[in-house]
Amino acid sequence: MVPLLDPLLIVALTLNFVALGVSRIRGVINAVALQGVLLGILALFVHPAIGTRVILLVAVTVGLKGFVIPRYLVHALREANIQDEVKPGVGSFMGSLSLGAVGTGLAMVFSDTLPLAEQHKHLLLVPASLATVWTGFLMLTTRKRAIMQVLGYLLLENGIFMFGLLLLEATPFLVEVGILLDLFTGVFVMAIIIHHISREFASTSTEHLTELKG
Amino acid sequence: MSESLVLLGIIIAASSGVPGLLLGRTSISGQWVTTFLAVLGAALGLGGVVWFWATGESHPVVLQWSLPGAEFRVAIDGLSAIFLVPVFLISLLGNIYGLGYWKQTEHPQNGRKLRLFYGTMTAGMALLVIAQNSILFLFGWEIMALSAFFLVTTEDNEKEVRETGWIYLVATHVATLCLFALFAVLHAANGSFTLGPLKPETLRPGAATAIFVLALVGFGLKAGIMPLHIWLPSAHAMAPSHVSAMMSGVLIKMGIYGLVRITSFLPHPPREWGILLLGLGVASGVLGVAFAIGQHDLKRLLAYHSIENIGIIVMGLGLALIGRSLDRADWIILGLGGALLHVWNHALFKALLFLCAGSVIHAAHTREIDRLGGLAKVMPRTSLCFLVGAVAICGLPPLNGFVSEFLIYLGLFGTLMNGERRSFAGSSFAAPALALIGALAVACFVKVYGAVFLGTARSEHARHAHESPPSMLAPMGVLVACCFLIGLAPLLIAPILQQAVSAWAPNLEVVGPRLATLAPLVWITVMGLLLIVALLLGGAVLWTRLDRRAVEEGVTWGCGYVAPTPRMQYTSSSFAQMLVGMFRWVLRPRTHQPKDLPLFPPATSFHSEVPDVVLDVVVLPTFRFTAWLFSWCRVLQQGNIQIYLLYIFLALIALLLWR
Amino acid sequence: METIFHDAVHILLALGLPPLLLGLIAKTKALFAGRVGPPVLQPYYDLIKLFQKGSVFSTTTTWVFRAGPVVGLVTAVIAVLMIPLAGATAPLSFTGDFVLLAYLLGLGRFFTASAALDTGSPFEGMGAAREVTFACLAEPAFFLGMLVLAKLSGSLQLADMLGSSLASHWTADGESLVLVLLSWFIILLAENSRIPFDDPNTHLELTMIHEVMVLDHGGPAFGMILYGAALKLFVFGALVVRLAFPRTGGSPWLDWPIFVGGMLVVAVAIGVVESIMARLRMTHVPVLLVAACLLSGFGIILLVR
Amino acid sequence: MTLALILVPLVAAALVFAVPANRWRPWLMPVASLGHSILVVFALQGPPVRALGGWLVLDPLGKIFLGFVSVLFFICSIYTARYLNLGHERPNRIFCVCFLLSLSMMTLVILSHHLGLMWVGMEATTLAMAPNIYFYHTPRSLEATWKYLLICSVGIAMALFGLFFLAYATLHTSLEPTLLLDDLVQHAPELSHPWLRAAFVLVLVGFGTKMGLAPMHTWLPDAHGEAPAPVSAMLSGALLPCAFLAILRVFHICNAAGEGAFSREIMVVLGLFSMAIGAIFMTGQRDLKRLLAYSSVEHMGILVFGIGIGGLAVFGALLHVLNNGLTKVALFLSAGNIQSAYGSRSTEDVSGAIRRLPITGTLFLAGFFAITGSPPFGPFLSEFTIVNAALGRDQFLAGALFLLLLAIVFIGMGSTIIPVVQGDPPEAAAQPGFRDGFLTSAPILVSLALVLLLGVYIPPPLESLLREAAAFLEVKR
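Going down the list, the sequences are from chains X, V, R and E.
Residues in the first sequence are numbered consecutively from 119, following the working numbering.
Residues in the second sequence are numbered consecutively from 3, following the working numbering.
Residues in the third sequence are numbered consecutively from 4, following the working numbering.
Residues in the fourth sequence are numbered consecutively from -7, following the working numbering.
Mixed in with the good hints there might be a few duds.
[Stated by the list, open to error] Restricting the straight-line Cα-Cα distance to at most 35 Å, the calculated cross-link-like pairs of lysine-lysine (DSBU-like) are:
hint: 1; chain 1: V; residue 1: K105; chain 2: V; residue 2: K115
hint: 2; chain 1: R; residue 1: K52; chain 2: V; residue 2: K379
hint: 3; chain 1: R; residue 1: K30; chain 2: R; residue 2: K56
hint: 4; chain 1: R; residue 1: K30; chain 2: R; residue 2: K52
hint: 5; chain 1: V; residue 1: K161; chain 2: V; residue 2: K115
hint: 6; chain 1: V; residue 1: K161; chain 2: V; residue 2: K597
hint: 7; chain 1: X; residue 1: K331; chain 2: V; residue 2: K161
hint: 8; chain 1: V; residue 1: K379; chain 2: R; residue 2: K56
hint: 9; chain 1: R; residue 1: K52; chain 2: R; residue 2: K32
The hints are simulated quantities; they were obtained by calculation from the structure and are not laboratory data.
The shape of chain X in the complex, shown without the other chains (with noise of 0.2 Å):
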């Protein structure tokens, strides 16, 4: 395997802590969008038989992880002038950052305790993609800003990229595609209904959004 990859995955992971760490939605942005383009890079480096299919891959994923999404999001902040300060619903950021990190370090552990194929052993990237995911959960659960919790979705979705990337050639690429396709539809679809939200309650907490009950 290239030694290059762990790396990479830690800066995936180091992501992470920032996307839950930061006080300013666009620094959540960043992230998850940085966070985007190392997924594509990395799938260079987890199939060394570099063909157009991965290429063509590659360049769909870094573009639109890391570039239309964010671009499109950012956009949407804008539009619906969504102050840029957002606090964690439950606890401080201190909190829900220890809290990933005792995910983190749980998904470490248990990773080791799965029945990973051979080539797959040692390798960051499981644990990496469970830490990921669980990252995302945290943040669609604590916080309380719709478009947190989109980010929050985001992540999962990289997390659960990360784990695809070990079987490329299980999903072939119009699938891969497809599936890209949906997350930009659903991240679309969402940003016009946070539109809504802000323009409906005149911010995008989803505190208002308690009216239906029992």
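Once you have looked at the hints, place chains V, R and E on chain X.
The following block gives chains V, R and E in isolation, referenced to the frame of chain X:
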């Protein structure tokens, strides 16, 4: 042949209401067409039964049916024949009665609906009685149950009616679910949905018990065995009277039919089941009549008497089961024979009573017994019919009620007679209980007949009541005739009962004792005729005496009080007071009376009622508590999306850790 | 031949003797009270007189009011023909006849009570209510006793249940028979509305049971009621007598006198009870009847335990 | 042929997008879905359908779901067209486009034997439905849409994770990683079981979220409650069953791999739990459409329970997909009529529906009896089959709980629906306005008639198809 006739009748009856629907809301012709079809269908059905008795042969009608496990298989045997008769007979009479009682012109809102479901209910019951396949049975069962729901809620614009209908609906659906389980277990035991006796060799240990218990609960709910009777009283009271007649006379018997049919499948019923049934029967009988005595509402009172009579029937069935587990042919024949005959009898006299009650309500516009009175003068025929029904339901000679109770008495006393000392003598204690039931029934119906028809009218309505039209009187007349027929010539019924009993217990050897030899049916005829002749004679004597001597008219002797008013009459509640007091421990009567009145009391009022204990004390509180519990569970869904996402995560973890 | 003779005697006795019992009871009470009292045959005179009288009917009444006495009498007459008197089979006898017996009396009760309600008088309503209420407790006691007899005799026919074979059981299962005897004597007092249940010749309507029911009847109708009551007394008396002295010597010339003697003894016993006891409070009456039920209940339990 | 099934609605969607007239646009939907149905009929009768090298296959399961979804769409599209024309001049371009898109995507989900492709289709349906839920642009519908979108997306992401696990499970085997159903089933026994189990759990939770299994059902009542009636009908009638199909696919693999017992057990538990949640939230529910939504949760539970029981119950569950779908459509559409007539969904304002709207009211009541499993309606048959199988296979506790929950559901549902139907309508609703029309009641009538038909007579071809599908799922290797 007989099956085809019955099926034809079922089809016609089921579709009888449709033309009425197509015709106008207030069209007389629609009413006539519907009634004609219904009567025709019922007549065909009866014809089929008679044909079966005449030829004694039955050719099952079997058709392919592309449902899993289902098969359209119908056949008539002795049992179904017995139960088919009330279905068609009462339906026929009820439809005719409806012509005058529920005129389409007077009830444009619900007349067509009522007639439609009257037909479907008849069809459903007839179908389930001849069904030989569980799924077909369930179809008939539910058609009956749902039609009954719509019939009970005929006047659904009244709140009380809606609540009643709802309670009925819950009860009947729970019963249906029990039947789901029952037939599933039967299927597991028999390997097919065809209804037939269980094979002892394939029977798993617990299965038989499960079957019996499920049948007891499922069918008991419909039959109204005591703790399961909650829906029955108000449903009978709220429905139009000819519907009440159908429900009380026939519908609850379908529960009995199911119980009889299922018990006939069990190879070797343990004796405890028989004892259990006997006990339940005694409980329903005694408590049913005790509750009846406390009622002020004429139809509610009759409804509680249905519970009582169901109790008597169940006693007979229990006796038969005991006989089955001990291989005592005589107990089987007397017990089941009595029970089945009582099914008929109760159908006859209870339908008669409800139709009479309908006429009373039709004429006096109230069901309150204490607002009626003196109707014997204004509606003599109705009052005569009611008197016959009352005497019959009390099981007094020379009417039909006596015959069936007589058979059950013989059977119960018979349980003492089997040699060894400590045999089933315990079960013979049901005999005094039956006596108690009879005496209580007499008390209750003296009260009803006296308060409603005798004395003087207690309200304007009652004073201006009028006799019913012939279309309502004729069905009552027929029922009266039937009561006398069975009461005076039970020997005619004996072979039919014998046939039914041997259908229930096939292993009962054919050369075994016959009903006619076990019970002195001839003597019943003799004594009945003797009684009637003697009564006529005595009447003649008195009449001649009065004819010779001076007969004056005067006001009732008020023991010195010279101006008696109708309100001074003994009311039904005061008549029942002592008995209600004796049963206070279970009836829990509520009285609202003025407290510490001054020396010269002002105008005041006293009011007493006997609510249904099981419903008010057990069932409804349970429901309320559950509802409260559930409403508390709503905190799970508070609209917070973060929490929702957490649920997903937790579910994931939980399932991943699952093993 | 034998049976015809027996039936003839049976019918004559059953229809002729009852009023005498009433007279005898009255005489006994008079003697206890130290009076001379009416002649023993007084009831016969009353009946004849009543049948001569005219009558008054309330305007509120219907045919039911007239039917009451007739049914009451007729049922009593038939009942009396079903009781085996002197060990011989009664004219009307078949399996389970005792059920019919009880229900016949029930029919009579139904109509007399209805007739009472027909007048619309509160007092008669009261009487009817009490009559039917107490009957509810007397009925089970009667059947519990019958259980004992059925178990002992192994038959469901009064002729055997109260037949001479019963005598042998007095030695074996005497205790339950004693219990039944007690309970039936209580029923006899209750069913015929005797002290301590009811005072036949009280004059306070509020305290009456049977008497107040028939308050409005007069003339022949009332005569029928009186006679019917006498027959009913005879029925229960005969039951008690047969239960007490079931032994029969075989020769009718012996049995019939014994039986009649027994009846007279019962009548005197009733008179004695009425003289030495006071009427119970209406609220205590059920207690005594329940006691009767328990007595025969214990009787059967002793037997099948 | 196969591609046509997917493309026809797509093309139609494009056309609809082009049509300018707000008034006539909706009427293209019935036409399009009719075309789709015709194609389906051919596909069902014609030779076995394969395309894209075995990526798109029409297997017995697919046949059932495809025919069913197509019919449902046709019924609903008629109602929808009328519904959109009813007074409100609200722009409906997006609505119609998304409506047809979801049809095409569902077809894709049903046809695809490549699980990745199936996932793409599934997510696409989620996205396509979102704008229709937000049709009325009310704050409440906004909230509902947001929850629907986010929760379902997260759930489906989980499913993707699961599918990757599934693919990973192949790494241990000879064949190189794949997501092709047929290969996976073929080599099922060789797959690494821990990964397989994890994959099944993830997929069950993921697609279970979309299917509305408790406790992932939370979006469902909101969406069903706030969406327009026909959309709710489509959601619970067609979309949820598609998610069910996706779960079935993976279950199929587990079953083939001999992990049947494990997955069945989980499914039974989850099914009962969903039924319980449905029952609890149905009792005392004031909002008609939320009530029906919880009923959907309950019935999804029944489906999973049936599969979990196995044997004859699988047949019952597949049959129940049809019964429940058709009945739900009838119920939701009549609820829509009631809402239009009373201007409210709350039981405080609605009563005497059977007098105010004789046809709708009657059908609504009939639908209630049908959905609660009263003979002679279809659901009775499927539920009875499931109970019968449960007790027949000695799952006494499960069977007893199943029946108990059915009883609670009946009581809870009836205590809301009976008062709505019976009694006298309030004065407020007496004024003229919405009345029963042919186009608003005929679809309901048709779907209920179908339910009744399925109750008394299953057409032999359908029955054989169901048996085929059940056998197809039950593969033992």
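Does the structure keep K161 of chain V and K597 of chain V at a Cα separation of 35 Å or less?
holds (32 Å)
ask   = Does the alpha-carbon distance linking K105 of chain V and K115 of chain V stay inside the 35 Å limit?
value = holds (13 Å)
Margin query: Holds or violated: K161 of chain V and K115 of chain V, Cα atoms, limit 35 Å.
Written below: holds (19 Å)
Next on the checklist: Next pair to validate is K52 of chain R with K379 of chain V; report whether the Cα-Cα distance is within 35 Å.
Outcome noted: holds (32 Å)
query: Can the restraint linking K379 of chain V and K56 of chain R be considered satisfied, given a maximum Cα separation of 35 Å?
result: The hint holds at about 27 Å.
Just to be careful, I want the Cα atoms of K30 of chain R and K56 of chain R compared with a cutoff of 35 Å; is the pair within it?
Roughly 26 Å separates the two Cα atoms, so the pair holds.
**Message:** Can you confirm whether the C-alpha distance between K52 of chain R and K32 of chain R stays at or below 35 Å?
**Reply:** Holds: K52 of chain R and K32 of chain R sit about 23 Å apart, inside 35 Å.
### Message
Hinted pair, alpha-carbon criterion (35 Å max): K30 of chain R, K52 of chain R. Please report holds or violated.
### Response
With a Cα-Cα distance of about 20 Å, the restraint between K30 of chain R and K52 of chain R holds, given a limit of 35 Å.
> Hey, K331 of chain X versus K161 of chain V, does the alpha-carbon distance stay inside 35 Å?
Replying inline: holds (30 Å)
When held up to the earlier numbered hints, the structure conflicts with none and fits them all.
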